[in-house]
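Positions in the sequence shown are counted from 1; adding 121 to them yields our numbering.
If you're looking for bench data, these hints aren't it; they were derived computationally from the structure. Treat the hints with care, as some may be off.
[Claimed, not checked] Computed beta-carbon distance windows for the label pairs:
{"id": "1", "residue 1": "S203", "residue 2": "D280", "range": "40 to 48 Å"}
{"id": "2", "residue 1": "S130", "residue 2": "G180", "range": "18 to 26 Å"}
{"id": "3", "residue 1": "G264", "residue 2": "P186", "range": "19 to 27 Å"}
{"id": "4", "residue 1": "A285", "residue 2": "G154", "range": "22 to 30 Å"}
{"id": "5", "residue 1": "S203", "residue 2": "D137", "range": "33 to 41 Å"}
{"id": "6", "residue 1": "R287", "residue 2": "A149", "range": "38 to 46 Å"}
{"id": "7", "residue 1": "G217", "residue 2": "G273", "range": "16 to 24 Å"}
{"id": "8", "residue 1": "A206", "residue 2": "D283", "range": "24 to 32 Å"}
{"id": "9", "residue 1": "S282", "residue 2": "E153", "range": "33 to 41 Å"}
{"id": "10", "residue 1": "P277", "residue 2": "T251", "range": "37 to 45 Å"}
{"id": "11", "residue 1": "D283", "residue 2": "G176", "range": "42 to 50 Å"}
{"id": "12", "residue 1": "R287", "residue 2": "G176", "range": "35 to 43 Å"}
{"id": "13", "residue 1": "D137", "residue 2": "D284", "range": "13 to 21 Å"}
Don't be surprised by glycine CBs; every beta carbon is placed ideally from N, CA and C.
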Amino acid sequence: MTQIDEFLSDADTFTDLVATPAADWAAASPCEGWTAADVVDHVVDTQRDFLAQRGADLGERPAGPPDARWAAHLSAVRDALSDDAFAASEYDGFFGRTTVADTMARFYGFDLLVHGWDLARALGREPAWTEGDMDRIDSALDGFGDNLYHEGVCAPALDVSDDAPRQTRLLARMGRAA
Numbered sequence: 122m123t124q125i126d127e128f129l130s131d132a133d134t135f136t137d138l139v140a141t142p143a144a145d146w147a148a149a150s151p152c153e154g155w156t157a158a159d160v161v162d163h164v165v166d167t168q169r170d171f172l173a174q175r176g177a178d179l180g181e182r183p184a185g186p187p188d189a190r191w192a193a194h195l196s197a198v199r200d201a202l203s204d205d206a207f208a209a210s211e212y213d214g215f216f217g218r219t220t221v222a223d224t225m226a227r228f229y230g231f232d233l234l235v236h237g238w239d240l241a242r243a244l245g246r247e248p249a250w251t252e253g254d255m256d257r258i259d260s261a262l263d264g265f266g267d268n269l270y271h272e273g274v275c276a277p278a279l280d281v282s283d284d285a286p287r288q289t290r291l292l293a294r295m296g297r298a299a
């Protein structure tokens, strides 16, 4: 599986959540002060900003309800990432030299997994990560180091017992209560 395939697989999982029938987009999410719609908007806006900074033209920001915004956004992202040269383009990132594909898989894939959990909770669903998801999240958190707790990233870690389920421990590490 390529890095782009990995990202798109995470995006498909997020799409399944966004497509929740009769979703209450005004429902509170685990992210303080954010609704379910705000979670979707955050994911859309951060991806759009990153891809635009790298030179992708995704067009106007999608309008309409959150599920329509996400679908239109993801379609534009798929188009941009289908350009192999663009996906392989290098740049100097926060943690050193990297590529668009690597950033989409490692950072934005991580973002989709974590905010997918937030969205599922807001929509009244019980989210569960796979062992593979948790391996990727764990690796990302280790890579972020103390940057994880900078303003606007994650809340301070919560205390949980060492024998708590792995997902609960990961969520607590990101300041989220299971």
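Evaluation of the provided hints:
1. S203 / D280: 40 to 48 Å: Holds - the Cβ-Cβ distance for S203 and D280, about 45 Å, lies within 40 to 48 Å.
2. S130 / G180: 18 to 26 Å: Because 24 Å falls inside the window, the suggested range holds.
3. G264 / P186: 19 to 27 Å: violated, 35 Å
4. A285 / G154: 22 to 30 Å: holds, 26 Å
5. S203 / D137: 33 to 41 Å: violated, 22 Å
6. R287 / A149: 38 to 46 Å: Distance hint for R287, A149 is violated at roughly 26 Å.
7. G217 / G273: 16 to 24 Å: At roughly 21 Å between Cβ atoms, G273 and G217 fall inside 16 to 24 Å, so the hint holds.
8. A206 / D283: 24 to 32 Å: violated, 47 Å
9. S282 / E153: 33 to 41 Å: violated, 24 Å
10. P277 / T251: 37 to 45 Å: Once the Cβ atoms are compared, 27 Å apart, the range 37 to 45 Å for T251 and P277 is violated.
11. D283 / G176: 42 to 50 Å: At 46 Å between Cβs, range holds.
12. R287 / G176: 35 to 43 Å: Given a distance of about 38 Å, which is inside 35 to 43 Å, the answer is holds.
13. D137 / D284: 13 to 21 Å: This hint is violated: roughly 31 Å between Cβ atoms.
The structure fails hints 3, 5, 6, 8, 9, 10 and 13 (numbered hints given earlier, in ascending order).
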